[in-house]
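If you read the sequences in order, they're chains A and B.
At position 174 of the first sequence (counting the first as 1) the number is 174 in this note's numbering, and the numbers step up by one without a gap.
At position 13 of the second sequence (counting the first as 1) the number is 13 in this note's numbering, and the numbers step up by one without a gap.
These are computed hints drawn from the structure, not numbers from a lab.
A hint or two may mislead.
What the hints assert, rightly or not - A few chain B residues that face chain A, going by a derived Cβ cut-off under 10 Å, partial list only: (1) Ile10; (2) Ile17; (3) Phe20; (4) Ala27; (5) Glu28; (6) Ile31; (7) His35; (8) Leu38; (9) Gly138; (10) Lys141; (11) Leu144; (12) Ala147; (13) Glu148; (14) Asn273.
Claimed, not checked - One-sided and incomplete, this derived list gives chain A residues near chain B with beta-carbon spacing under 8 Å: (15) Tyr6; (16) Phe7; (17) Thr12; (18) Glu14; (19) Ile17; (20) Asp23; (21) Ala24; (22) Ile31; (23) Phe32; (24) Met44; (25) Ala45; (26) Lys182; (27) Gly194.
Quick reminder that beta carbons are idealized off the backbone N, C-alpha and C, glycines included.
Protein chains: 2
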Amino acid sequence: MRHECYFCHIKTVESLIRKFKPDADTAEGFIFAVHELLAANRDMANPQLATQVHRIARQHLDNGNLYAAEKKEANDLLLGQYEDWKKRVRDTDDPFYTAAKLAVIGNIIDYGAHSVSRDISAQIQGFLQQDLTIDMRGELKEALGRAESVLYLGDNCGEVVFDKLLIETLGHPNITFAVRGKPVINDVTEEDAGYVGMDRVCRVLSNGADAPSTLMDFSSDEFKEAFYAADLVISKGQGNFEGLMECDHPNIFFLLIAKCAPIAELLGVEKNNMVIVRR
Amino acid sequence: MRHECYFCHIKTVESLIRKFKPDADTAEGFIFAVHELLAANRDMANPQLATQVHRIARQHLDNGNLYAAEKKEANDLLLGQYEDWKKRVRDTDDPFYTAAKLAVIGNIIDYGAHSVSRDISAQIQGFLQQDLTIDMRGELKEALGRAESVLYLGDNCGEVVFDKLLIETLGHPNITFAVRGKPVINDVTEEDAGYVGMDRVCRVLSNGADAPSTLMDFSSDEFKEAFYAADLVISKGQGNFEGLMECDHPNIFFLLIAKCAPIAELLGVEKNNMVIVRR
Numbered sequence: 001m002r003h004e005c006y007f008c009h010i011k012t013v014e015s016l017i018r019k020f021k022p023d024a025d026t027a028e029g030f031i032f033a034v035h036e037l038l039a040a041n042r043d044m045a046n047p048q049l050a051t052q053v054h055r056i057a058r059q060h061l062d063n064g065n066l067y068a069a070e071k072k073e074a075n076d077l078l079l080g081q082y083e084d085w086k087k088r089v090r091d092t093d094d095p096f097y098t099a100a101k102l103a104v105i106g107n108i109i110d111y112g113a114h115s116v117s118r119d120i121s122a123q124i125q126g127f128l129q130q131d132l133t134i135d136m137r138g139e140l141k142e143a144l145g146r147a148e149s150v151l152y153l154g155d156n157c158g159e160v161v162f163d164k165l166l167i168e169t170l171g172h173p174n175i176t177f178a179v180r181g182k183p184v185i186n187d188v189t190e191e192d193a194g195y196v197g198m199d200r201v202c203r204v205l206s207n208g209a210d211a212p213s214t215l216m217d218f219s220s221d222e223f224k225e226a227f228y229a230a231d232l233v234i235s236k237g238q239g240n241f242e243g244l245m246e247c248d249h250p251n252i253f254f255l256l257i258a259k260c261a262p263i264a265e266l267l268g269v270e271k272n273n274m275v276i277v278r279r
Numbered sequence: 001m002r003h004e005c006y007f008c009h010i011k012t013v014e015s016l017i018r019k020f021k022p023d024a025d026t027a028e029g030f031i032f033a034v035h036e037l038l039a040a041n042r043d044m045a046n047p048q049l050a051t052q053v054h055r056i057a058r059q060h061l062d063n064g065n066l067y068a069a070e071k072k073e074a075n076d077l078l079l080g081q082y083e084d085w086k087k088r089v090r091d092t093d094d095p096f097y098t099a100a101k102l103a104v105i106g107n108i109i110d111y112g113a114h115s116v117s118r119d120i121s122a123q124i125q126g127f128l129q130q131d132l133t134i135d136m137r138g139e140l141k142e143a144l145g146r147a148e149s150v151l152y153l154g155d156n157c158g159e160v161v162f163d164k165l166l167i168e169t170l171g172h173p174n175i176t177f178a179v180r181g182k183p184v185i186n187d188v189t190e191e192d193a194g195y196v197g198m199d200r201v202c203r204v205l206s207n208g209a210d211a212p213s214t215l216m217d218f219s220s221d222e223f224k225e226a227f228y229a230a231d232l233v234i235s236k237g238q239g240n241f242e243g244l245m246e247c248d249h250p251n252i253f254f255l256l257i258a259k260c261a262p263i264a265e266l267l268g269v270e271k272n273n274m275v276i277v278r279r
């Protein structure tokens, strides 16, 4: 764990206590369960710690889907704008680029320690004005042309609507969209993918895990098989990047916004920069 | 410790690491020294914990006066405005009230977990427009008339300039101004009191302790004697309130801004309300 990550885990606890207002004993139990986890696992990687922090949260707050309302709200907001964005993508000179950029921008919708802006629509417009800081979309397009099978790793609700738009725009015949196995933060699950109609544009596959990331050690055999069988993996978001940046898949592209200093530093960009980068 | 206070202690660590940018090992050592302190002392009162957190900070960051620059800046800013404020107090209908209110407002200058606004002057003007939520200044004035000796407990740098103005305005012949025994956060020490000329308007006395509060268990015998011998105690700021709210002095008034939810709740006011309240 980087020391910045320590503060992020504590902030997750604080924001959940603010949101759910448990009684003092429950709050204290929750706080010190995470406190002990962090003390006992100082060297554990961040996505594993985040997974366990959220398990503790669900248990102590007695709620299996802590961000259910935010998930629905983000999905509904972006679904409501879907036809407009689809038209915009269709009308640009380079629909692939516009759709890919929107898919990266969708990554701002994150209810983890990095709280979502009140006005998501305004934030999307702001990011649209900016260029990608690392822009390997040419390589990505080429890789897509060569790949017989593509595994697209989803990240958050709301964002998933832009993923659907990108997948429709790609028009590739063999894409699988992977989702979390259980609700964690506002990450997209099978249910959420169904809600936005992802199952009508490609195959949807659960990774069987409850990490806000893609962690092979926690994933189902079926997912692991699909991961290594895919010619190309498109990984959305910082959580998936943290879990997979050292993975051994030979052909993986990361599409994300660098939401914190340690990840920006790893990528050699600034915080809030957008990237499409090949590993 | 209230659970809200837990997050405040962690924020102190985070803001000091942001400020001093120690290397990763030092940062981790500092973080987990505080982490262990909190785990081992879940039931300790907040001001005692704050004292120990700041001891750990000074030790790990190898710096005995972590807020030296902020202290000087706040003192210089308010000293530069001193003659203007003095004139304003002199020209009002009720100089005692204006000076007392300014002394309460000075309490916004706090570099603990509650970070100081960039524009202190604008913030002072904002608070001047508001009334005190609990206003026992009538009782305070009466108590001052009867008291033969007054112990005035100082709080922060910058704020101390308004304390000096209030003490000058009171014109009481026997006031002692108490300061911290060692630097802690931006709290006023003997050196700071001398810097703003407090020693020219009244006696200055160190409490001998390094708490960002007034804690009898940590204070010198000389201070304890002065405390119990004083006919009237005027206690400035939230830190002193937290340390003394259950003390057994028969005649103590608290002048402060309630800077966090737990203290506001204890006082029956809202966060950021100003109070002059007798215990």
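Evaluation of the provided hints:
| no. | hint | in the structure |
| --- | --- | --- |
| 1 | Ile10 | holds (5 Å) |
| 2 | Ile17 | holds (7 Å) |
| 3 | Phe20 | violated (12 Å) |
| 4 | Ala27 | holds (4 Å) |
| 5 | Glu28 | holds (6 Å) |
| 6 | Ile31 | holds (6 Å) |
| 7 | His35 | holds (6 Å) |
| 8 | Leu38 | holds (7 Å) |
| 9 | Gly138 | violated (37 Å) |
| 10 | Lys141 | violated (39 Å) |
| 11 | Leu144 | violated (39 Å) |
| 12 | Ala147 | violated (39 Å) |
| 13 | Glu148 | violated (44 Å) |
| 14 | Asn273 | violated (20 Å) |
| 15 | Tyr6 | holds (6 Å) |
| 16 | Phe7 | holds (5 Å) |
| 17 | Thr12 | violated (11 Å) |
| 18 | Glu14 | holds (5 Å) |
| 19 | Ile17 | holds (7 Å) |
| 20 | Asp23 | violated (10 Å) |
| 21 | Ala24 | holds (6 Å) |
| 22 | Ile31 | holds (6 Å) |
| 23 | Phe32 | holds (7 Å) |
| 24 | Met44 | violated (13 Å) |
| 25 | Ala45 | violated (15 Å) |
| 26 | Lys182 | violated (27 Å) |
| 27 | Gly194 | violated (37 Å) |
When held up to the earlier numbered hints, the structure conflicts with 3, 9, 10, 11, 12, 13, 14, 17, 20, 24, 25, 26, 27 and fits the remainder.
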